Structures are given as structure tokens and as C-alpha cells.
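Number of protein chains: 2
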Amino acid sequence: MHLREAITTMARQARDASRRLAELSAPQKSLCLRAMANALDERAVDLLAANQTDLDAAAQAGLSPALLDRLRLDRRRIAAMTRGLREISDLPDPVGRILDNRIRPNGLRLQKVSTPIGVIVVIYESRPNVTADAAGLCFKSGNATLLRGGKEALHSNRLITEILTEAGRRRVPSFPEHAIQLVPTTDRDAIPILLSLTEYIDLCMPRGGEGLIRAVTDCSKVPVIKHYKGVCHVYVDRAADLKMAERIVLNAKCQRPGVCNAMETLLLDRPIAAPFLVHLAPALAALSVEIRADIEASQLLAPPNAPPYPKLRTATEQDWYTEYNDLILNLRVVDTVAAAIAHVTQYGSAHSDAIVTSDEPTAQQFLARVDSAAVYWNASTRFTDGAEFGMGAEIGISTDKIGARGPMGLEELTSYKWIGFGTGQVRT
Amino acid sequence: MHLREAITTMARQARDASRRLAELSAPQKSLCLRAMANALDERAVDLLAANQTDLDAAAQAGLSPALLDRLRLDRRRIAAMTRGLREISDLPDPVGRILDNRIRPNGLRLQKVSTPIGVIVVIYESRPNVTADAAGLCFKSGNATLLRGGKEALHSNRLITEILTEAGRRRVPSFPEHAIQLVPTTDRDAIPILLSLTEYIDLCMPRGGEGLIRAVTDCSKVPVIKHYKGVCHVYVDRAADLKMAERIVLNAKCQRPGVCNAMETLLLDRPIAAPFLVHLAPALAALSVEIRADIEASQLLAPPNAPPYPKLRTATEQDWYTEYNDLILNLRVVDTVAAAIAHVTQYGSAHSDAIVTSDEPTAQQFLARVDSAAVYWNASTRFTDGAEFGMGAEIGISTDKIGARGPMGLEELTSYKWIGFGTGQVRT
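Chains A and B, in that order, give the protein sequences. Quick note on numbering: the working numbering labels position 409 of the first sequence as 497, and the sequence is numbered without any gaps. Quick note on numbering: the working numbering labels position 408 of the second sequence as 496, and the sequence is numbered without any gaps.
Hints are computed from structural coordinates only; laboratory data are not their basis. Treat the hints with care, since some could be wrong.
Same chains, same label: a pair holds when it works inside one copy or across any pair of copies.
Calculated pairs, EDC-like style, for lysine to aspartate or glutamate (alpha carbon to alpha carbon, straight line, at most 16 Å) [stated by the list, open to error]:
#	residue 1	residue 2
1	200	488
2	309	277
3	200	476
4	200	499
The structure presented is a predicted model; accordingly, all values stated were derived computationally and were not measured.
Chain A on its own, in the form it takes in the complex (with noise of 0.2 Å):
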């Protein structure tokens, strides 16, 4: 009971600071933005040591290296942060753009104006920079934001948090102390009662494993805006440039594989299959990337006469629908770009696939069925990005339906209202 007072009071403060940030001028929200940039150069030695704690703990508690890596701030992430804020203060305020402008027939006006959205939650695991990009992305925006990071992280969070509201307040004094707010306990309860709290929440962005997005999905009373995973796709068909199409497809499995734009599965045209594997094997093979082939793929990589693919594996029907994260691509041979589209429809997470082909009829019909945020058509799936969009920023990147798709910059994080300028119509 004692949780569910302390979550909801800090819920409806927020709501309160969202009416109060909602009247602040574009210049002033980029004032405070520089100023919590700055404030957190100022504060680099105590945001290490606080970070120190964090680290020790999590060293403690037997964190493996690569979470322990995504949860250090060193002098390069700190600046990376900073920046990170002056380019969104540089940013155009996204709220107040007239969306429509309508004149009726009766003489009434009506224009659709873009607002924040409200009071934003924020559920992230454990790197420490997600508080400052999402605090300063959501703050331009004009929400207030309940921030919930991995508990790893806490000290270095609480830390960020206040660094950024001092130096709102300090900067402009209509600043509203509730404006950004970290969720101050670990508690793994506090999420559940958080997400119920409908009067004062509008919206939750998870971002993380799709472990923790499934958690926060199906626990969840308020709208929530995510994708689950990146299953991307490049589908290369027979009218293809195959030099282009290597290009491309080894831009989009292992220019950094890691991230969720990052192709998993090739599709090939049967007809340029064999060809297109000549040159592609080896390439993929210097760079140690690992194959999961259906049979007729893996009978090109493993000729009789030759020498077989050096990792080489029969894919399942599981791996189809995984995201590897990792130098590891599943390969398959299709019959027509018809077999690419049920492909993807069927096993994708819609999210970003591509295309390369050079008859333009083959790729209207790819661009037009296959339903994922971001469709290409000869380039890499790895453009799915904010900046990549021009942008500036992003929070996450959608595959949803509802509200914002793709990647999600300040116009995103915002909503609308219809306002009427009239001269005394009424309704007959």
C-alpha cells in the first residue's frame, strides 16, 4: 500500500509538471536543455563516481562483462550524453505545427495543432545514457517523463535525474520540478502500479530485451509504443544488381550486428542463387559469419567438388523467427518475389526489410505487401534510424500500428489537438 501511494503521488506530480511544461516557450525548453547539458559536464567527476558504485555492485552481484560494459560511463559516454542534449535543444520545437488548416463552409476554422502527448514512462535495462537521451528528447517535446531504468543503474540514474532538474530550475524558474522524475525504487511491483495509473499516464515506451518489452506489454493499463524484436529481411530477386545486392546485404548483416535494423535472414531468387553465392559465401566467410541455410542453400554451400561453407548449419523452423543480435544469418532459396512477401509476412517482426531487384513492377509489389515500419527498395535495412530519417534524435524505433511507425523523433513523441476559430456558428 505503501508503494502504490508513493508511485501513484509521483504519477499525478508528474501529470501536475506536464499542464506547467506544456506552457513553457520553445526558447526556454532550450535553454534548460543546454543548461542540463553543461550541468552534466560540470558534474562529470561525481556522475563517475556514482557510476563507480553502480559498477561495483553490479561486479559484486556477477554481472557478465557485456552488461557491465553498457552500464559504465566514462568521459567519451558523458560527452556523448551532453551532445546528445544540444542537438535536441538545437532541434524545432515540434509542438505547436499546424498539421491542417480548414475553412468550413459555415466560415468556421479548424486547425489541427500538434501537443505533448502527456506524461511519458520510460522502461529501459541498464545503460545510464537512456535517462539523459529520453529526459531531453521527451522535455523538448514537452512531456513529463517517469524514468525506469535497470536497478543496476540506479545511482547513476538518481544522479542524472537531479543533475538535469537543477540545472532546468537553475536555468528557468517556471522549470517544473516534477518534469522529469526517475522511479525511485527497484521495486519490481512498481511497474504493474505505475502502468494502471490511466488518469495520469498516456503513454509507455519499453525498450530493451524482448523479454522485458512482453512483461511491460501485458502488464500494461496505458498505451505502450515498442517493437518486440528486429527480424529484418533482405530479399534478393533474379532482376537484381548482384554486386549492389552484396553490398547491401553484407551492410545490413555485419556493418553492426547487434542492433535491431540489423538484417537476420537473406531470401534469394532461386535463378540468382548460385551465382550470387559465389561471391557472397566467401565474403560472409572472411567475416566469420555463421549460416543457417534450408536445403537447397545449404547444397550450393556444400558442393560436392568444393570445399563446404566453414559455418554451416541446417536452419530449424525457430530460426526464422529469431533475432540473433549477432554474426549469424539465416539463408534461404524462394520461388518468385510471391514466396519473399509470405516469407516475411510470416515469420518478420515488421520491422525493416529490403528489397534489391532492378524491375520496378517486382518492387511495388515487395514495397506495397510487405507491411513492416520501414520497407527498401535497393538499400540496407539499416537506415531504420532516427538520425538516418533526419530526425536529429529518436527515443526507439515503432512496429506498431497505432500512434507513431519506425523511428521515433520529437514530432513522434507528440499528439494533437483541433482547435475552432469561429464568429458565432452553431450547429443547425
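Please build the complex by placing chain B on the supplied structure of chain A, with the hints as guidance.
Relative to chain A, chain B alone:
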């Protein structure tokens, strides 16, 4: 278990249908809609008979006259349904609109293109005409529909769905058989099962009383877009043209008191409260409006030396939160626009609120700070409506912040995806 299987099969068929539906061209969809309208006309006698079965059972069950009236179909209402479908047929196709178009420095062209949402569940009460309206709007926007009407209307709804489906299939052979489905059971357990199937269903839109909508929202795992109620306000400022204000107030309260965009609460700025009521009170009395007033307004309506307002009560705290759907008006005297904004924020439902004033700064303050789906300056709240907004038709009104807000027409029944047109771009 049998119910779960049946509902799951239906939802999976809807998902499959949504994919084929997305491939119908705009002219094909329009042809289907006209054929549906014609078929409803042709089958009017059968429809009236099916509806009579529902009416007889409902009368036997002791349904109130008001509910029996909602349930009733007659020639006029059937004609309204067919007219609605023809109008939807003539509206521009909402799918495939290019919402954004940008070329990145690397030459990658990115288009944000509107798409169907996918599978939409519509839950509503006893009016069978909603079946045709909702099916028509969802179909035109490329979405498969699962309709769940009130149990009293089962025979009517079943026949309407059957007629629409048959007409579509006869007109366009690729019309997907399961594009429009009525949930075939009135079992109450069907709804939580249906709304747990997140892999098949993209959106739920409940229409009806607050109880229905809360029950749906509480059990749903899929996104819900809705409004709970319409507690709408008109604030008459000290700088108002009082003749205009009277026209707007009478329209907002009395033109059609049973709808969600009708006014429930009138807020009067102190300096004009007395002179305004001198003219307004007799007009409200003539229309038999009951007034629930705060103490200050009560004193103005029951002066010592004159007869009191005929139907006057003191407002309770609960009254300020109440949607009457009736000729009852809450009345409160407030101290400046700030107090009006505070009242609307505290008690309102974020649906439709209006200010009447000739003072632009005051109006701008109200328009900026009242965070409702529609906010009006010198116009009636009654304009929050798809047709009045020029959307042609509406499936409902949303007070949500994620997804559509305000009246929901065809465009509001779409999502979007990003299409990247490249020439071999890879990420560096």
C-alpha cells in the same frame, strides 16, 4: 475452450482477409461499397423481418421504449444506411497518401505512406445501423472488421453482415470472404478472448456508454481508441459578445442534448454573470432546462424580489463530472479565464470545450491551455463531428492521445509505413 478456438479462428481469418483487402484497388473498394448499398436496398423486406425478430424478443425481455427505438430499423433508417455507404464509396481513398517525402544527403528517398491499420474490432450497443456504418468505413480504409453488436440486435446484425459480404463478393471476386465478420456469439466471455489476440488484432473501438467502454478498456490487450464521455464546457468571458454567447450556449446545450458534444457545464466570468443570465435564464426556462448551479449562480437565479428560476438545484461535486445527455445544465460563476481553465481541466473529459470572448489574448490562453480533443473560440461545442469537420463520415470520437484524437473519419482509420527508395545505399 470451444469458444476460444472459435474466436481465434475468426480473428486469424480476419488477419488473412486484411492482407488481401490491402491489395484491393480504390475503385474496387468503391464498387463493393456501392454494391453493398444496393443490396441493403434490395433486401429491405428481409432486413425488416430480421429486425422484427429482434424487436419481438427485446419487447418480451422488457427492454425500455428508448432502447427498443434504438434497435428498430425502418425504411428511413435503412435508407440512411445505404446513403452512408454510397457517401463512403465516393470519398477519396485514405490509403496510399504520401504524408512525408524527404531525400537524405546520401540520396535515399524516404516516403511516409498511409496504410490500413489491419484488423479492427468494433464493439457497440443495440443500434444495428452501426453495423453498416462501421463496416463501410473500415472496409474503405482497407481494414478487416470484427463487429460485436448488442445481443438484442443479433438477427439484424447477422443479416446486415451477410448482405454486405455477399454483395462485395458478387461485385469483386477478390473481395476477401472474411473482411467483415460479426462475432457470432453473444457470450460475454467472447470479448476478453477477442481482445487478448494481439497477434491478429490491431485496434478496438468501443462505442457506447461509459460502462461498456471501461469494461472493454479494462480487459483489452490490444490498443483501444475511445472516449469515455463528453463533459463539455462553454466559458463566457467578460469580453464576450453576449448575444453571440447566448446563441452558442443555447445551441451547445439544447440543439441535441443527448449527444457527446453537447455542453454539460456553463462557466460564467463574474463581471458578466448577472447581465448575461437576465437574458439567458428565460430562454433556458422556455426550453425546460434544469439548472444545477453553484451558490453564486443560484443567488443570481433566485433573486430576493423576483420569482426564482423554475427548475433550480444546487450543484453537487459529482454533478460537475456528470454527462447528463439531457436538458440539464451545470452552471458556475468563475473568476477570470484562469479559473475556467482550471475547472475544465479538473472536471472535464477532454472532449470539446469553448470560450466566447472578443479578447484575443484571453482566447489564446484558453485554446492553448485547455487540452481537449477540440477547443473552440466563439463557436458551439456541437461541431465536434466527422461530417462537420469535413471528414465525410465518422466512426467515433477519440479523446485519446495516442493515435487519432477528435472525430475519426477514414484518414483516422489508417496507419503508415516508411518506404525507402535507394540506389544501393548502405550505412557507413
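To see whether the hints hold, each was checked on the structure:
1. With identical chains, the CA atoms of residue 200 and residue 488 are at most 16 Å apart between copies only, with a shortest distance of 15 Å across copies and 23 Å within one.
2. Taking CA atoms no more than 16 Å apart as the test, residue 309 paired with residue 277 passes inside one copy only; the shortest distance there is 15 Å, against 19 Å between copies.
3. Taking identical chains as interchangeable, the C-alpha atoms of residue 200 and residue 476 lie at most 16 Å apart only when they sit on different chains, with a minimum of 14 Å there against 28 Å within one chain.
4. When the C-alpha separation of residue 200 and residue 499 is checked against a cutoff of 16 Å, the pair qualifies both within a copy, at 14 Å, and between copies, at 13 Å.
When the structure is compared with the earlier hints, no violation turns up for any of them.
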